[in-house]
Amino acid sequence: MTCERVQELLLTDYIDGQLSAEVLREVEEHLDACERCRNFRDDVRRRITAPLKSFEKQSPPEGVWLNIKSAIFEEEQLKEHRFDWLRERLSTLIKPVPVFAIATATAVVLVALFVAAPWNARYQAPERASMLSATGGAGLGENSNFGTAIERYFL
Amino acid sequence: MQDISADILLKAQEGDIEAFECLYRVSSGFVFTVALGITNNRADAEEVTQDVFIKVYHSLRSFRFASTFKTWVYRITVNTALNVYRKKVKDARARGEFEAAMDVEDPHGPLEQSVEQEHSEKKLAGLLHCLNADQRTCLLLREVEGLSYQEIADILGTNINTVRSRLKRAREAILKQKNEGDIV
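If you read the protein sequences in the order shown, they are chains A and B. The first sequence runs 1 to 155 under the working numbering. The second sequence runs 1 to 184 under the working numbering.
It is possible that part of the hints are untrue.
[To be verified] Covered stretches of chain B (chain A as the covering partner; in silico rule of three or more C-beta atoms under 8 Å from a C-beta of chain A): (1) 72 to 85; (2) 131 to 139; (3) 158 to 169.
[To be verified] Restricting the straight-line Cα-Cα distance to at most 30 Å, the calculated cross-link-like pairs of lysine-lysine (DSBU-like) are: (4) B:K176 x A:K69; (5) B:K11 x A:K69; (6) A:K57 x B:K88; (7) A:K57 x B:K55; (8) A:K57 x B:K122; (9) B:K90 x B:K122; (10) B:K70 x A:K79; (11) A:K57 x B:K11; (12) B:K123 x B:K88; (13) B:K87 x B:K176; (14) B:K87 x A:K57; (15) B:K88 x A:K69; (16) B:K123 x A:K57; (17) B:K11 x A:K53; (18) A:K79 x B:K176; (19) B:K123 x A:K53; (20) B:K176 x A:K57; (21) B:K11 x B:K70; (22) B:K70 x A:K57; (23) A:K79 x B:K122.
Treat the hints as calculated values from the structure; they're not laboratory data. Heads up, the beta-carbon is just placed ideally off N, CA and C, and yes, glycines get one too.
Construct the entire structure; sequences and hints are all you get.
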């Protein structure tokens with residue numbers, strides 16, 4: 001096995017314990033015989049593997065969990081109330097109308113009908129006739145000038 | 001990261017917040033450590049940790065045990081941390097502040113961590129400073145978390161040879177950095 005191949009393995013599978021038993025034996029035999037490769041192996045262990053393995057694993061501050069819990073709670077609240085606006089709209093549409101409002105509306109409608117009714121117009125007609133007779137029929141005179149074209153035509 | 005019992009996992013899937021907190025307590029250390037190693041910034045690591053667990057909470061119901069829970073959380077952590085890191089680098093480059101983006105200094109550090117933790121973080125940052133995001137991730141998962149090549153490949157969605165190649169380049173870069181006297 002060449003030094004180049006051994007050093008490649010020292011940077012990867014050897015240092016990471018991924019070598020098969022047979023290849024490991026070959027590398028160990030080379031290392032026994034080659035000081036340069038032994039120094040290289042020691043260098044990799046000292047400068048890379050040891051400092052990284054000694055790195056103190058950390059935990060996040062408690063505030064992180066509180067933020068997560070708060071975000072989850074807010075989402076659950078939003079889900080629970082997401083149809084509130086629809087419920088409010090529907091309740092407005094089917095809301096019972098106060099009795100007084102109905103009564104008032106009914107009264108207004110009845111009065112309007114009464115005023116506009118045809119039989120009401122016939123009731124007023126005799127009054128007009130008596131007005132006409134009081135003025136001396138349909139003859140000419142100041143009081144009988146109604147000012148309309150059709151009346152002028154007939155009168 | 002220790003194994004999670006199936007019972008706790010199922011309860012958490014059903015929305016049990018206490019069970020979910022149990023998941024958090026067991027796995028937050030790893031998540032934060034990897035996030036810190038990749039982003040090189042404590043505040044970013046806290047943000048990544050928060051994002052990871054909110055994603056886990058949302059996706060837990062659809063987790064079908066195709067991989068282990070551990071691998072799944074690792075994957076979310078690495079992807080989330082890499083996104084934050086790459087965005088930061090991109091923004092810094094746009095402002096012409098690339099070197100500043102790599103800075104270890106953290107405004108929150110001195111108030112919330114011990115001297116030992118700060119020293120440890122700076123040592124790690126100094127070691128990983130010269131690596132790109134992919135190399136940094138592989139080295140962290142291998143050296144700090146002790147994962148095998150296959151486990152790393154599963155997490156990163158790649159193959160063992162790619163993992164091996166990244167580790168080799170990462171270690172070569174660190175050795176070269178040290179040899180050139182750029183020692184932290």
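Now for the hints, and whether the structure bears them out:
As drawn, the stretch 72 to 85 of chain B meets chain A at 0 residues by the rule of a beta-carbon pair under 8 Å; below three, the given contact is violated. For the stretch 131 to 139 of chain B, the stated coverage by chain A is violated: 1 residues have a C-beta nearer than 8 Å to a C-beta of that chain, whereas at least 3 were required. Counting residues of the stretch 158 to 169 of chain B whose C-beta lies closer than 8 Å to any C-beta of chain A gives 3; at least three are required, and the coverage claim holds. Only pairs whose Cα atoms come within 30 Å are accepted, and K176 (chain B) paired with K69 (chain A) is rejected, the gap being roughly 45 Å.
With a C-alpha separation of about 16 Å, the suggested pair K11 (chain B) and K69 (chain A) falls inside the 30 Å cut-off, and the hint holds. Annotation: proposed proximity of K57 (chain A) to K88 (chain B) holds, straight-line Cα distance about 24 Å (limit 30 Å). Restraint check for K57 (chain A) and K55 (chain B): satisfied, since their Cα atoms lie roughly 23 Å apart, inside the 30 Å limit. Note on K57 (chain A) and K122 (chain B): the hinted pairing holds, with a Cα-Cα distance of about 13 Å set against a maximum of 30 Å.
Taking the CA atoms of K90 (chain B) and K122 (chain B), the gap is about 23 Å. The hint holds against a cut of 30 Å. With a CA separation close to 29 Å, the supplied pair K70 (chain B) and K79 (chain A) stays within the 30 Å bound. Proposed proximity of K57 (chain A) and K11 (chain B) is supported: the alpha carbons are some 28 Å apart, at most 30 Å. The hinted pair formed by K123 (chain B) and K88 (chain B) meets the criterion: a straight-line CA distance of about 21 Å does not exceed 30 Å.
A threshold of 30 Å between alpha carbons decides the hint, and for K87 (chain B) with K176 (chain B) the separation of about 27 Å falls inside it, so the pair holds. Taking the CA atoms of K87 (chain B) and K57 (chain A), the gap is about 25 Å. The hint holds against a cut of 30 Å. Using a Cα cut-off of 30 Å, the hinted pair K88 (chain B) and K69 (chain A) holds, with the two alpha carbons roughly 27 Å apart. Distance hint between K123 (chain B) and K57 (chain A) is fulfilled; the C-alpha atoms sit about 13 Å from each other, no more than 30 Å.
Restraint check: the Cα-Cα separation between K11 (chain B) and K53 (chain A) comes to about 35 Å, which exceeds 30 Å; the hinted pair is violated. Among the hinted pairs, K79 (chain A) with K176 (chain B) is inconsistent with the structure: their alpha-carbon atoms are about 55 Å apart, more than 30 Å. Restraint check for K123 (chain B) and K53 (chain A): the C-alpha separation of about 12 Å stays at or below 30 Å, so the hint holds. Restraint check for K176 (chain B) and K57 (chain A): the C-alpha separation of about 26 Å stays at or below 30 Å, so the hint holds.
For the suggested pair K11 (chain B) and K70 (chain B), the alpha carbons sit about 17 Å apart, so the restraint of at most 30 Å is met. Simply put, K70 (chain B) and K57 (chain A) have alpha-carbon atoms about 17 Å apart, close enough for the 30 Å limit, and the pair holds. Distance check on the hinted pair: K79 (chain A) and K122 (chain B) sit about 43 Å apart at the alpha-carbon level, beyond 30 Å; violated.
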